[in-house]
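K.L.:
Model the full assembly from the supplied sequences, consistent with the hints where possible.
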Amino acid sequence: NAGVMQNPRHLVRRRGQEARLRCSPMKGHSHVYWYRQLPEEGLKFMVYLQKENIIDESGMPKERFSAEFPKEGPSILRIQQVVRGDSAAYFCASSPGLGSNYGYTFGSGTRLTVV
Amino acid sequence: KQEVTQIPAALSVPEGENLVLNCSFTDSAIYNLQWFRQDPGKGLTSLLLIQSSQREQTSGRLNASLDKSSGRSTLYIAASQPGDSATYLCAVNGGNSGGSNYKLTFGKGTLLTVNP
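Heads up: the protein sequence lines correspond to chains A and B, in order. Per this note's numbering, the very first residue in the first sequence carries number 1; after that it's consecutive. Per this note's numbering, the very first residue in the second sequence carries number 1; after that it's consecutive.
Think of the hints as simulated: they come from the structure by calculation, not from any bench. Owing to the predicted nature of the structure, the values given are computational and were not obtained by experimental measurement. Hints are not guaranteed to be accurate.
[Claimed, not checked] Straight-line distance between alpha carbons at most 30 Å, and here's what the computed BS3-like set of lysine-lysine pairs gives:
| id | chain 1 | residue 1 | chain 2 | residue 2 |
| --- | --- | --- | --- | --- |
| 1 | B | K68 | A | K62 |
| 2 | B | K68 | A | K44 |
| 3 | A | K27 | A | K51 |
[Said to hold, decoys possible] Facing chain A, from chain B, some residues (calculated, C-beta under 7 Å):
| id | residue |
| --- | --- |
| 4 | Q34 |
| 5 | K42 |
| 6 | L44 |
| 7 | L49 |
| 8 | N93 |
| 9 | N101 |
| 10 | Y102 |
| 11 | K103 |
| 12 | K108 |
Note that beta-carbon positions come from the ideal geometry of N, C-alpha and C, so glycine has one too.
P.N.:
Printed below as a string of structure tokens:
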């Protein structure tokens with residue numbers, strides 16, 4: 001069982017470019033969550049997805065950020081026109097059902113640096 | 001809005017010492033609480049999950065307790081080792097307005113250093 005796989009581990013983008021972060025949940029997990037960890041801050045919830053559905057995106061900035069979890073393939077967190085303030089560690093977690101019943105397994109994260 | 005506080009922010013102990021990390025949360029209407037460890041530049045490793053109906057969970061040298069009514073949890077580490085050095089994060093599920101049962105609210109963590 002490979003766990004939650006995130007790639008790339010490190011991503012450097014220039015201001016104005018697009019960043020695409022990928023997350024493959026654990027086998028058998030159909031619930032995916034994205035969290036962001038800003039420097040010196042705790043992890044903050046961004047979005048909760050199930051296959052082909054966004055359940056809750058209340059933690060995502062209204063502009064430039066989007067997420068998807070297609071029927072086939074990994075979940076993608078996309079950040080358009082990145083700015084320096086987007087530099088952070090982005091973590092993906094998955095669960096086989098609602099997290100209230102099962103808890104969460106986290107990936108190793110993608111560290112985005114905007115230069 | 002749920003808020004999670006972890007005390008102390010940093011802790012340095014000699015090897016072999018028993019220690020306690022504290023976590024408090026403002027809204028007791030939680031579904032569960034999970035302790036994680038995070039190594040520098042790495043992801044989160046789940047240590048213990050306590051459901052709201054439980055009082056404690058144990059795994060090896062780790063014991064986590066939950067007092068939901070007072071909004072507190074502790075993580076007890078017995079016979080600490082240098083390999084235990086990491087940041088320990090407490091996260092609660094629930095207690096946010098709207099009653100969502102999938103959002104984790106994290107504390108900022110306790111940075112533990114165990115000196116050989």
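K.L.:
Taking the hints in turn, state whether each one holds.
P.N.:
Each hint tested on the structure:
no., hint, in the structure
1, B:K68 to A:K62, "violated (34 Å)"
2, B:K68 to A:K44, "holds (22 Å)"
3, A:K27 to A:K51, "holds (13 Å)"
4, Q34, "holds (5 Å)"
5, K42, "holds (6 Å)"
6, L44, "holds (4 Å)"
7, L49, "holds (4 Å)"
8, N93, "holds (6 Å)"
9, N101, "holds (4 Å)"
10, Y102, "holds (5 Å)"
11, K103, "holds (5 Å)"
12, K108, "holds (5 Å)"
In terms of the numbered hints stated before, the structure departs from hint 1 and from no other.
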